[in-house]
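Chemist: Sequence:
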Amino acid sequence: MRRIRNAIVLIGLVGAAGWFAYSHLLSEEAKKGMKDAAQEAKSAYQRISEIVSDAQGSYVKEDLPNRRQTEAQWTKLGY
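Each step along the sequence shown adds one to the number in my numbering, with nothing skipped, and position 23 is 23.
Derived by calculation from the structure, the hints in this document are not laboratory data.
Careful: at least some of the hints might be erroneous.
[What the hints assert, rightly or not] Simulated pairs of lysine to any residue, SDA-like, Cα-Cα distance not exceeding 25 Å:
no.	residue 1	residue 2
1	Lys31	Gly15
2	Lys31	Ala41
3	Lys32	Ala16
4	Lys42	Trp19
5	Lys35	Arg47
6	Lys42	Ile11
7	Lys32	Ile51
8	Lys31	Ala44
9	Lys35	Tyr45
[As the list claims (entries may be wrong)] Cβ pair distances, simulated, as ranges:
no.	residue 1	residue 2	range
10	Gly12	Lys42	46 to 52 Å
11	Ala38	Ala72	37 to 43 Å
12	Lys35	Ile8	56 to 62 Å
13	Ser23	Tyr45	24 to 30 Å
Beta carbons: idealized from backbone N, C-alpha and C, even for Gly.
Produce the complete structure using the sequences and hints provided.
Modeler: Here it is, written out as structure tokens:
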């Protein structure tokens, strides 16, 4: 229980220090640069997510003799 409390306190302190540094120590140009970088990371994540979801949803059925034989074996087994 004590480790969890210490972890929560540490996360809170790091978050507060980050917020303070962002709001008081960075110039407007640096803040804009951080916002632009975050936006670029978000758009890259969205593009990669779309590519992965498209790849997972694709199913290509090739009519190969080996495939027909394998499907026949699975059908014979009851699948």
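Chemist: Determine which of the earlier numbered hints do not hold for this structure and return their numbers in increasing order.
Modeler: When the structure is compared with the hints, numbers 7, 10, 11 and 12 turn out to be violated.
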